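Numbering (my numbering), first residue to last: 1116 to 1366.
Bear in mind the hints are in silico, worked out from the structure with no lab data behind them. All figures in this text were calculated on a predicted structure; none of them were measured in a lab. Check the hints yourself; a few may be wrong.
[What the hints assert, rightly or not] Have a look at the derived ranges for each label pair, beta carbon to beta carbon:
1) V1188 with E1255: 35 to 41 angstroms
2) D1301 with Q1234: 33 to 39 angstroms
3) K1342 with P1172: 16 to 22 angstroms
4) N1118 with K1242: 29 to 35 angstroms
5) K1205 with H1309: 23 to 29 angstroms
6) V1347 with D1170: 24 to 30 angstroms
7) K1312 with T1194: 19 to 25 angstroms
8) S1175 with K1239: 42 to 48 angstroms
9) T1260 with T1358: 43 to 49 angstroms
10) L1240 with V1130: 43 to 49 angstroms
Even for Gly, the Cβ is constructed at its ideal location relative to N, Cα and C.
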Amino acid sequence: MTNPVFSLKEATVTVPNGTTIMDHLNLDIYPEDFITVLGTNGAGKSTLFNVISGDLPLSSGRVEHNGEDITAVPAVKRTAFLARVFQDPKLGTAPRMTVAENLLLAEKRGFRRTLKNRQLTAKKLEKYYDLTKTMGNNLEDRLQTATGSLSGGQRQALSFLMATQVKPGLLLLDEHTAALDPKTSDQLMAATNHQVKDNHLTSLMITHNLKDALTYGNRLIVLNAGKIILDVRDEEKEALTETDLLRYFTR
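Turn these sequences into a full structure, and let the hints steer you where they fit.
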């Protein structure tokens, strides 16, 4: 197996009241892993993502990116290789900017960001039309629309495209379909799976949907009390059922 893209080694987070919310967690994430992440409320899913993104410092242990220790690297610098899509469709986009302007801004992830109208050339708009059309929700017809006027599903689709437009070293999908209706959620999940596979992305996806956790990705982990209590991939993951997973929610 190739070397991991991202690793947590004995990662521990203890909050001021003495509670340990991540307990000596070890995780290696390999190139093109698509890992679905399950766990009850308070199991440590958000803590895991916040540690990876740099928004939550470790009490002990280390974080590595391509073998380099980045434990002390702040969140803003990690955006050069990491992207995150949140549950709330309002996060991750600029509401007063158009769809096209948001996409233009996203192209500059990891670089100094400036926006000039002259940069929105006909060629750029054609590129964004083709890109947004892949989402299957008519977003391509809203390129000149202020993002704040989009539906929740369209805005979340835009957030996803912005996160993946410049291929990230690691993509974090933080319950990115949870706030959507079932039809829109299914539509975005299908588009997500397509983009992750076709662009060979490495991704972690938090979900409470057991069906989605089993359907998508090559690997599945279950968290409990800040620890990984199940980590399966490929054939072992494919053999799991929803009944199997429910056992981990009744402990």
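Right, here's what the structure says about each hint:
Distance hint check: the CB atoms of V1188 and E1255 are about 37 angstroms apart, consistent with the given range 35 to 41 angstroms. Under the hint 33 to 39 angstroms, the C-beta atoms of D1301 and Q1234, about 35 angstroms apart, fit the expected range. Between K1342 and P1172 the beta carbons are some 19 angstroms apart, a value that agrees with the proposed interval 16 to 22 angstroms. Separation of N1118 from K1242 is about 33 angstroms and conforms to the stated range, judged on CB atoms against 29 to 35 angstroms.
Restraint check, K1205 to H1309: a C-beta distance of roughly 24 angstroms satisfies the suggested window 23 to 29 angstroms. Taking 24 to 30 angstroms as the suggested C-beta distance range, the pair V1347 and D1170 conforms, at roughly 28 angstroms. For the pair K1312 and T1194, the beta carbons lie near 24 angstroms from each other, so the given range of 19 to 25 angstroms is met. Here the CB-CB span from S1175 to K1239 is close to 46 angstroms, well matched to the stated 42 to 48 angstroms.
For the hinted restraint 43 to 49 angstroms between T1260 and T1358, the CB-CB distance of approximately 45 angstroms keeps it satisfied. Between L1240 and V1130 the Cβ separation comes to about 47 angstroms, which falls inside the hinted range of 43 to 49 angstroms.
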